[in-house]
Structure formats: C-alpha cells, structure tokens
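Novice: The primary structure of each chain is shown beneath.
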Amino acid sequence: MNHRQQLLQALLIFSKPLNRLAQELAQLEWDYEGEPVLVEPFHIVSILNRFLSNQLNAKQVEEWANMIECREDLDYESLNRKQLEQVIYELANPELEGSLTIERCQEIFIMFSLTSTSQHDYVQQIGVVLERILLRYRAKDVLLKPSPASMA
Amino acid sequence: MPNTIPNLAQQRNFKRFKKKIPANAKENIEIFMIPNDGIAVQATSPGLVAGSKAVYEKQIDVNGITIQYTKTTYNPSGNIVHVKDKINIATYP
Chain U
1 MNHRQQLLQA LLIFSKPLNR LAQELAQLEW DYEGEPVLVE PFHIVSILNR FLSNQLNAKQ
61 VEEWANMIEC REDLDYESLN RKQLEQVIYE LANPELEGSL TIERCQEIFI MFSLTSTSQH
121 DYVQQIGVVL ERILLRYRAK DVLLKPSPAS MA
Chain B
1 MPNTIPNLAQ QRNFKRFKKK IPANAKENIE IFMIPNDGIA VQATSPGLVA GSKAVYEKQI
61 DVNGITIQYT KTTYNPSGNI VHVKDKINIA TYP
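Going line by line, the protein sequences match chains U and B.
Just so you know, we're using the numbering used here here: the first sequence kicks off at 1 and counts up by one.
Just so you know, we're using the numbering used here here: the second sequence kicks off at 1 and counts up by one.
In short, the hints are calculated from the structure, not lab data.
Among the hints, erroneous ones may be present.
[Unchecked claim] Here are the simulated lysine-lysine pairs, DSS-like style, with alpha carbons at most 27 Å apart:
#1 B:Lys-26 - B:Lys-15
#2 U:Lys-59 - B:Lys-15
#3 U:Lys-59 - U:Lys-16
#4 U:Lys-16 - B:Lys-26
#5 B:Lys-15 - U:Lys-16
#6 B:Lys-19 - U:Lys-82
#7 B:Lys-18 - U:Lys-82
#8 U:Lys-82 - U:Lys-59
#9 U:Lys-59 - B:Lys-20
#10 U:Lys-82 - B:Lys-15
[Unchecked claim] Covered stretches of chain B (chain U as the covering partner; in silico rule of three or more C-beta atoms under 8 Å from a C-beta of chain U):
#11 47 to 61
#12 79 to 89
Using N, Cα and C, we set each Cβ at its ideal position, and we do this for glycine too.
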C-alpha cells in the first residue's frame, strides 16, 4: 500500500485528527487517474456510530465527508455506489440537506444493512460450506439411508 | 460559454470532474474560459432546503492540471455560507 492509499484509508476510518488529515491530504496532487481506494458502507456506519456515541460531533462528520466528497483518488463500492454517494453528499452539505439526526442515522443503517455486500458474501459463504458438508455426508450415504433409529 | 472544451488534457480532467460531482449537479454544468487558455467548470447542486445550493468549481490550466477546486455554499437568501477549498482542505470564512 503506497502513501496515498495509506492516507486515504486513515481518512476513511477517521483514525487521525481532522487537521492532521487535512494537512497531509493537501500535500497530495489533486489530479489522479490511478486505482482508487473504495468507500464502503462500513466506513459510513462506523462514523455514524461514533457520532451517535458522542465520540464525534456533527461538525466533525461534516468536515470528514467534505474531505471525501469529489476526491479523484476515492471511489464508491460499486454495489452501493448510489447510496454511498448520496450519504456522503448529505453529510458534507447539511446547509442544503438538513442537519444530521439520530433518525437519519438509523435510516442509513437500515439502508446499508439491506444492501451490504459483505453480508451478502457472508451468507453465500455459509451456503457454500453447508453444501460441502451435505455432499460429504451424501458420499457416505449417511443422509440417503437414515437409520431406523433416526426415523423414530 | 464555449461549446467544447479546448484540448484533450482538459477534456480528461473535465470527465473526472463530472464523474465525481453530486448526481443532481451533473446536468447543471457551465464552462468558462479563464486567462492563459485555462477553463473553469462550474456545477450547481440545488439543495433540499428551498433556495439553497452549492456550486462546485474547478479551474483547469491549459495542460489539463487542476489549479483550483472550490465548493461555494449559498443559503436560501442567496448569501454565501462558506467556501470550501477542496485541494488545500480549508473553509472560508
């Protein structure tokens, strides 16, 4: 991972103070046509969780979103692109879209829990594992010829 | 307002600009010539709060390099709330 990618990851997880992130990001060239770092639902959910637990205030969330909005070296995860783009826009523009509220945070959580690819992948993985287990048992005729005892 | 963007490098930069601006600003883009054959591209994003808006402006030099990128936010009365410098990550006032 190069310096730009490390810095962008630090931005996405908000692991440094805003002024330090700003100072370091300002050193990078704006124009960028390389591989972008992806903004994913968990980045936003994590920041909103920190907002709800008073670790971050609304101004900090706004500044964070403004650092993400329009950056050429960041892109949105493709399956949630529209929602991610909209949420970052909302967070970056409270004067246009209204202030961040607990209710809106909850709506965003629900939106991402319904479309989260990571959850989808998890369910798929579980399915694959279960199928393998079933195949193994079938190969041993365990499920095909249940014992009389198991039928009782 | 020019009909086309003068050169290929500026066109490439403009394409990146258009890709990254908010969805509701993509159809509200204006292009202006600036000194030394540069261009300024402006996209306006209307807010949900009636009358409010944000104007995203990128200035691109003749070589296709971004020399300035700002977002200016206006309240419903048409007054500037603030200007955010995207490159230097600063807010004015």
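Novice: State for each hint whether it applies.
Specialist: Going down the list of hints, with the structure as the test:
1. B:Lys-26 - B:Lys-15: Holds - the C-alpha atoms of B:Lys-15 and B:Lys-26 are around 11 Å apart, at most 27 Å.
2. U:Lys-59 - B:Lys-15: The hint is violated at about 31 Å.
3. U:Lys-59 - U:Lys-16: holds (16 Å)
4. U:Lys-16 - B:Lys-26: violated (32 Å)
5. B:Lys-15 - U:Lys-16: Violated - the C-alpha atoms of U:Lys-16 and B:Lys-15 are around 31 Å apart, more than 27 Å.
6. B:Lys-19 - U:Lys-82: OK: B:Lys-19 and U:Lys-82 at ~12 Å, within 27 Å.
7. B:Lys-18 - U:Lys-82: holds (15 Å)
8. U:Lys-82 - U:Lys-59: holds (24 Å)
9. U:Lys-59 - B:Lys-20: holds (23 Å)
10. U:Lys-82 - B:Lys-15: Within the cut-off at roughly 18 Å; holds.
11. 47 to 61: holds (count 7)
12. 79 to 89: It holds: at least three residues are needed, and the segment 79 to 89 of chain B offers 6 whose Cβ sits within less than 8 Å of chain U.
Hint compliance for this structure: hints 2, 4 and 5 are not met, and every other hint is.
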